[in-house]
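Q: Here are the chains, one letter per residue:
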Amino acid sequence: MTIDTSQPPPGGRLVAAAKPSLLLGEHSLCPGCGEPVALRVLLEVLQDLDIVQRTIGVVGHGCYGSFVRIMDVDVLQCLHGRAPACATGIKRMRPDTAVFTLQGDGDMANEGLQEVLHAAARGEKITCVMLNNGVFGDTGGQQTATTVIGQRTKTSLEGRDPATAGYPIPVADLVATLRGSAYVARAAVSTAAGVAQTKRMLRRAFEVQLSGAGFSLVEILTMCPTGWFVPAAEGADYQGGTMEQAYPIGELVTP
Amino acid sequence: MELLEGSAAIAESAIAAGCRFFAGYPMSPFTGLLENMSHKLPAAGGVFINAESEIEGVNMAIGAAATGARAATGSCGQGIALMQEAIAEAALNETPMVVFNMARNQQDYFQCTRGGGWGDYRTITLAPKDVPEAVEHTQRLFHLADKYRAPVILYGDPLLAQTRVGVNVQPLDFGELPPKNWALDGSGGGTGRSRQIWTWAMGKATDPGPGPDRHWRAIASKFDTIGEAEQLHEQSGVNDADTVVVAFGSAAKFVEYVVRELRAEGHRVGWFRPITLWPFPGAALTEATKRARRVLVYELNAGQMLDDVRMYAADRSAVRFIGGVSIAESGLAYGELLDAPVLRQLILSEGTR
Numbered sequence: 001m002t003i004d005t006s007q008p009p010p011g012g013r014l015v016a017a018a019k020p021s022l023l024l025g026e027h028s029l030c031p032g033c034g035e036p037v038a039l040r041v042l043l044e045v046l047q048d049l050d051i052v053q054r055t056i057g058v059v060g061h062g063c064y065g066s067f068v069r070i071m072d073v074d075v076l077q078c079l080h081g082r083a084p085a086c087a088t089g090i091k092r093m094r095p096d097t098a099v100f101t102l103q104g105d106g107d108m109a110n111e112g113l114q115e116v117l118h119a120a121a122r123g124e125k126i127t128c129v130m131l132n133n134g135v136f137g138d139t140g141g142q143q144t145a146t147t148v149i150g151q152r153t154k155t156s157l158e159g160r161d162p163a164t165a166g167y168p169i170p171v172a173d174l175v176a177t178l179r180g181s182a183y184v185a186r187a188a189v190s191t192a193a194g195v196a197q198t199k200r201m202l203r204r205a206f207e208v209q210l211s212g213a214g215f216s217l218v219e220i221l222t223m224c225p226t227g228w229f230v231p232a233a234e235g236a237d238y239q240g241g242t243m244e245q246a247y248p249i250g251e252l253v254t255p
Numbered sequence: 001m002e003l004l005e006g007s008a009a010i011a012e013s014a015i016a017a018g019c020r021f022f023a024g025y026p027m028s029p030f031t032g033l034l035e036n037m038s039h040k041l042p043a044a045g046g047v048f049i050n051a052e053s054e055i056e057g058v059n060m061a062i063g064a065a066a067t068g069a070r071a072a073t074g075s076c077g078q079g080i081a082l083m084q085e086a087i088a089e090a091a092l093n094e095t096p097m098v099v100f101n102m103a104r105n106q107q108d109y110f111q112c113t114r115g116g117g118w119g120d121y122r123t124i125t126l127a128p129k130d131v132p133e134a135v136e137h138t139q140r141l142f143h144l145a146d147k148y149r150a151p152v153i154l155y156g157d158p159l160l161a162q163t164r165v166g167v168n169v170q171p172l173d174f175g176e177l178p179p180k181n182w183a184l185d186g187s188g189g190g191t192g193r194s195r196q197i198w199t200w201a202m203g204k205a206t207d208p209g210p211g212p213d214r215h216w217r218a219i220a221s222k223f224d225t226i227g228e229a230e231q232l233h234e235q236s237g238v239n240d241a242d243t244v245v246v247a248f249g250s251a252a253k254f255v256e257y258v259v260r261e262l263r264a265e266g267h268r269v270g271w272f273r274p275i276t277l278w279p280f281p282g283a284a285l286t287e288a289t290k291r292a293r294r295v296l297v298y299e300l301n302a303g304q305m306l307d308d309v310r311m312y313a314a315d316r317s318a319v320r321f322i323g324g325v326s327i328a329e330s331g332l333a334y335g336e337l338l339d340a341p342v343l344r345q346l347i348l349s350e351g352t353r
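Going down the list, the sequences are from chains H and L. Using my numbering, the first residue of the first sequence is number 1, and each one after it goes up by one. Using my numbering, the first residue of the second sequence is number 1, and each one after it goes up by one.
Treat each hint with caution, since some may be false.
[To be verified] Anything over 10 Å on all C-beta distances counts as not near chain L; from chain H, calculated:
| # | residue |
| --- | --- |
| 1 | 29 |
| 2 | 55 |
| 3 | 78 |
| 4 | 85 |
| 5 | 145 |
| 6 | 163 |
| 7 | 169 |
| 8 | 195 |
| 9 | 240 |
[Claimed, not checked] Computed spacing ranges between beta-carbons, pair by pair:
| # | chain 1 | residue 1 | chain 2 | residue 2 | range |
| --- | --- | --- | --- | --- | --- |
| 10 | H | 25 | L | 174 | 36 to 46 Å |
| 11 | H | 212 | L | 44 | 16 to 26 Å |
| 12 | H | 166 | L | 350 | 52 to 62 Å |
| 13 | H | 164 | L | 174 | 51 to 61 Å |
| 14 | L | 171 | H | 31 | 57 to 67 Å |
Honestly, the hints are just simulated from the structure, not real lab data. All C-beta atoms, glycine included, are put in the ideal place defined by N, C-alpha and C.
With the sequences and hints as input, model every part of the structure.
A: The structure is reproduced here in structure tokens:
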């Protein structure tokens, strides 16, 4: 019995509101968190590109996992690190859809670095979004592969020391070296201008995906005052003075 | 009728069943199936991906299955072990797929039948005794996967993968299936009813799902249902047998041959073969061993199915193990224990009267 995945699943087509909000409720993340900001601009891009009813999200594991409950988008919630592989299977069977992954730095850079690198190398026509806050936020602020040198976490109380804990991995820069990457950018949501730039970059990433040019990735630096042990109001400044110094903002690959 | 190697026959049968996505990583003797799928599946309009790891392959299959497509992956032994996290995930988020475990031997019984990953689930596991049966069970498994929205396993071995036999691969009809109205195509976005495939099943803020407690209870209950409904076995000569030999897969083919020989010589010997390793055909085994004074378990491992036989044999104290670990020097084939004269001697040495 062949299932024709060029056709919608049975049950009749659902009707979307003329201008759907795509947000079904309030987020439950900490004050000062940058992730809900990234989610909002991502959903706005889907609306602006008019692809709301042909987009599938693949969500990894981290605080943003709770977004599955509030985003009005078809979603596969997948295993830690494996979103680019799941997204590959989805996109290959439904090439007319727009497929994105939503992953954190723990998800993409620690658990699933292999998945994202191979998806980029294959030139999969998907958009991977990494929300990079340099810590495992969901578990309370432990060191990840993107924790910057000197940053204090619950598993590096005196600050990340390269002598024993090595150096942070610049994921966007790594992905940018691969031929299958058609669009790679790094953004930050710590300022209003940064949020606007993040939205422009996400839009270009989806446009590149829809054009069939290849793989696209946007790494978004997001505040995590809880995981950084700084007051909520100081998260943006802290990010500007630490992560944004280590990870330059800008476009690394464009078509 | 066509002369085909097992790997080719299974590939053609998967395609006849409607499989349109396959991703895998080479490991012998699974490699033959991977190679066959790499050219046969695209020719049939499907997608093949030479995955960069077993973990990627199985997760790609989950993604493909989430769109409603019939999807499969495969490996053997250690490769299946790598996939177990994802097989558990597919069981708990209910994405149907077929996993071809073209194993090197019979040492994968536990990891196939016990639910090798995390959570309360089982995997339907079918162990064909030869290539024609593998052709049938391949298609049966795609049906069962869709029927129960669960990952399922075909448990093969080097003999199944590499034996060349005449087979007829045709689409088989196993009956109606529920519509895949859960499949993702993106069309739910912005409707307030967007779809989600989620192990935690928490639903949307505006339309809460059952949540993990109720969802996982429902999953467990589903596997209870499968456990009762989908048992398959084959047996012969058990009604008057003093000795019943229990074996699965290729080993059972050897048992069938040797027991037929012994019966022709007047020995009261019968054999029993679980076709579904999970669900194990326990009630049938109890019935088949009611009159037996000896229940001999012959498997090419240190005694894995032995646990199930002990659980269901009419008289637990009648169960004896005559199998064992037996691997060729190459590591890729069975050792000397899988041999009809050796098996004959093992059975006779336990006594048949």
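Q: Output the numbers, in ascending order, of every earlier hint that fails for this structure.
A: 2, 3, 4
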